[in-house]
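S.K.: Residue numbers (this note's numbering), protein chains in the order written: chain A, 30 to 189; chain B, 1271 to 1647.
If you are wondering where the hints come from, they were derived from the structure by calculation, not from laboratory data. A few of these clues could be false.
Said to hold, decoys possible - Partial list, computed: chain A residues near chain B (C-beta under 10 angstroms):
(1) S33
(2) L50
(3) V55
(4) L57
(5) A75
(6) F87
(7) R90
(8) G91
(9) L129
(10) E130
(11) R131
(12) Y132
(13) V133
(14) H134
(15) F159
(16) G180
Nothing here was measured: the structure is a model prediction, and the numbers come from that model. Each residue gets a CB set at the ideal place from its N, CA and C atoms; glycine is no exception.
So the chains spell out like this:
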Amino acid sequence: MPRSLLNLSPRLRPLFCCAYLAAQLVLLLRAQASPDFVFGFQMFNASSELKLSLYREFRHRGRSRVVPIPEGVWETKDQSGVLHTYRWQDRVRYRPLLALERYVHAAYGLDAQLFRLQLALRDFAQHLAFDEETEAVIAEVDTRRNGREPGHVRLREARR
Amino acid sequence: MRALHHAWRRIFAEERDAYVLGLLRLAISSLLFCHGMRLLLEFQRGGYFGNYFHIPMLSERWLPSESGYRLLLGLQVLASLLAFIGVWPREALLTASGLGLYFLTCDRLQYHNNRYALLLLGFLLAFTPCDRSFLLARGRRRTLPLEQRLAPTFARRLFQIQVSLIYLGSTGGKLLDADWRSGQVLFLRLAKAPEYCALHGFLLPASVVALFGWAWFASIAAKVAIASELFIALGAWLPRTRRLALWLGVQFHFGIELTSDVELFSWLMATSYLAFVVPEVRERKVEFVSSNARARFFARLVTSCDWCARFECAPMPSADGHRATFYVTNRQGERASGLRGFVQLAEALPLLFPFWLPLALYAKWTAKPRALAPSSA
Chain A
30 MPRSLLNLSP RLRPLFCCAY LAAQLVLLLR AQASPDFVFG FQMFNASSEL KLSLYREFRH
90 RGRSRVVPIP EGVWETKDQS GVLHTYRWQD RVRYRPLLAL ERYVHAAYGL DAQLFRLQLA
150 LRDFAQHLAF DEETEAVIAE VDTRRNGREP GHVRLREARR
Chain B
1271 MRALHHAWRR IFAEERDAYV LGLLRLAISS LLFCHGMRLL LEFQRGGYFG NYFHIPMLSE
1331 RWLPSESGYR LLLGLQVLAS LLAFIGVWPR EALLTASGLG LYFLTCDRLQ YHNNRYALLL
1391 LGFLLAFTPC DRSFLLARGR RRTLPLEQRL APTFARRLFQ IQVSLIYLGS TGGKLLDADW
1451 RSGQVLFLRL AKAPEYCALH GFLLPASVVA LFGWAWFASI AAKVAIASEL FIALGAWLPR
1511 TRRLALWLGV QFHFGIELTS DVELFSWLMA TSYLAFVVPE VRERKVEFVS SNARARFFAR
1571 LVTSCDWCAR FECAPMPSAD GHRATFYVTN RQGERASGLR GFVQLAEALP LLFPFWLPLA
1631 LYAKWTAKPR ALAPSSA
C-alpha cells in the first residue's frame, strides 16, 4: 500500500474534518460582510456597470483646483525642470479599473469595484514621485446598478 | 447512539475502492496545471504583481519577491504535472493547491471563485487515497490491485461537502440579492449572450435571441437557476436523486460555458462529480456476441470510454441463440439490449452521460412490454 504523510490516523481524521469545515464556515460568513465577497462563492457576477473619470487636485495661486486627467495621463515638471509623465494604467493593471470614460462591467458587483477603486486611488496617489503639484487624485464614478437608475460616486484620495 | 456510532464509522473508518479517485486526480491536476500555466503566462506578459497596484491579504513582508514568485509559479506547474503522472501524486497535489491558495492571499485582485474552488478541491483530494490508480509514470502497472486500492476515503466525503458548499454559497448569494431573485441580473446577462456567442464564433438562432430578450423568461430562468443549484447541492447526496442532480449539473454548466466566461469553472464542477460516483468498480456487465465484428468493435468502444471502470465486458458464444448482439446489465441486475441497453450505458459512461435523460425518456416513451430480456445471472 502506498505510504504518504497525508494518510491521517483515525484520531486525526475527525479533527481535520472539523477544522476544515469550521474554517470554511467562518470564511463563508465573513465573505457576506466583505464588499467583494472574497471566499464567498458568489459565482455569478452582477450585471452592474461603472464609468470611471479621473481628476487631480492641486493648489494654484493659493486656491485649490481640480482638473481632469484625460486618458489617465498627465505631465509635470519637478523642481529641476525635468518633465515626468504619470499614467494611471502604468500603476493599475487591474482590468475592470483600466478603462476610463466608458461604461464597463463591474465584476463581482459595484461595491466590490468601488472598494477596489478606493484602494487603487490610494496606491496611485502614493506612487507620484517627483510630482510636487498634485495634492489628491479623485475618481468620479457613474454607476448603473443592474440596469437601474444611474448613480454617481466621488472617491478622493489625498497624498500623504 | 448506535446509529451515531454507525454514521461516525461510516464517515471516518469506511474503506472503499479508490480507483475513481485516481481518475479524479488526473482531472484536477490537469486543471491545476492549466491554472498554473495561466498564472505563468500572466506573469510573463504583465510582470510581477507586486510591482503594480495589488491588494494583499497578508502582510507585505510575507509576499514573495519577483524571482521567488517566478520560482514558486514554476514549482506549482511542476507539482501539478507530477500529480498528473502519478509521482508523489498526493504530496504534489497538496503543493500545487497550497501554493495556489498562497498566491490568492498575496493579491486579492487575482481572486476568482472558480480558482478558489479548484484549489480547495485539489487540497482536499490530496487527503484521499488518489494514488492507487492512473499512475501513468508506472506504465502498465498504473493501477494497483483491488486489495491495495481499498483505503479510508473520509476525505472524499469532505470533497463532496465542499462541492455542495460551493453550490449552497452561490445559491445563498442569489437568494439574498433581490435583483437576482427577480431575474433582473439574468435579463441583462442574457441580453449580452448573443454578442458573447458571436465573439466566440457562433451565432445564436433568432428565436433564442428573441427569447433572451423577454423579461419573463429571465425571471423564470433565475428561479430555475436558483432551484437547480439547490437541487444539485442536496440531490447529489441521495441515491435516488443523485443521477438526476448530476445530470442537471452537467447541463447547467454546459449552459454557463456557452453564455459566460468562467475560466475553468464548468470543467471543474463537471469533474468534481466523479467524487459522487459509487467507488466500487465492475458492478455492471456488457455482454457481446464474440463472433460478430460490430459487437466486438462496440465492446472495444465501451471499454475505451469506460473511464470509471463501471463495466465488465464479457463475450457471449454466438451459438447461444441470443436475439441481440449485446446486452447491458446494470447494478440492479436489469439486463437490456438495444435502446434500453444504451440508456444503461449512458448512465455510467462519462462521455454519454449528458445524453442519459433524453435517451431514458425516449426509451420509456417507446418502451414495449417485452423490452427487458431475461437476466442471465
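S.K.: Evaluate each hint against the coordinates.
M.R.: Verification of the supplied hints:
1. Because the smallest distance between the Cβ of A/S33 and any Cβ of chain B comes to about 5 angstroms, under 10 angstroms, the interface hint for this residue holds.
2. The restraint placing A/L50 at the interface with chain B holds, with a minimum CB-CB distance near 7 angstroms, inside the 10 angstroms limit.
3. The interface hint given for A/V55 is broken, as the beta carbon of that residue sits about 12 angstroms from the closest beta carbon of chain B, more than 10 angstroms.
4. Interface restraint check: A/L57 against chain B, minimum CB-CB distance 6 angstroms, threshold 10 angstroms, status holds.
5. With a cut of 10 angstroms, the hint placing A/A75 at the interface with chain B holds, because the nearest CB-to-CB distance is about 6 angstroms.
6. The criterion of a C-beta within 10 angstroms of any C-beta in chain B is not met by A/F87, whose closest approach is roughly 22 angstroms, and the hint is violated.
7. Nearest Cβ of chain B to the Cβ of A/R90: about 33 angstroms, over the 10 angstroms cut. The hint is violated.
8. Given the 10 angstroms rule on beta carbons, the hint for A/G91 is violated: about 33 angstroms separates it from the nearest Cβ of chain B.
9. At its closest, the beta carbon of A/L129 sits 15 angstroms from a beta carbon of chain B; the interface hint therefore is violated under the 10 angstroms criterion.
10. This hint is violated: A/E130 has a C-beta 19 angstroms from the nearest C-beta of chain B, more than the 10 angstroms allowed.
11. Because the closest C-beta pair between A/R131 and chain B is about 16 angstroms apart, greater than 10 angstroms, the hint is violated.
12. Evaluation of the A/Y132 hint against chain B yields a violated restraint, the C-beta minimum of about 12 angstroms exceeding 10 angstroms.
13. A least Cβ separation of about 13 angstroms between A/V133 and chain B goes past the 10 angstroms threshold, and the interface hint is therefore violated.
14. Restraint check, A/H134 versus chain B: the minimum CB separation of about 9 angstroms is within 10 angstroms; hint holds.
15. Interface restraint check: A/F159 against chain B, minimum CB-CB distance 18 angstroms, threshold 10 angstroms, status violated.
16. Interface hint at A/G180: violated, since its Cβ lies 14 angstroms from the closest Cβ of chain B, which is beyond the 10 angstroms cut-off.
This entry does not satisfy hints 3, 6, 7, 8, 9, 10, 11, 12, 13, 15, 16, going by the numbered hints stated previously.
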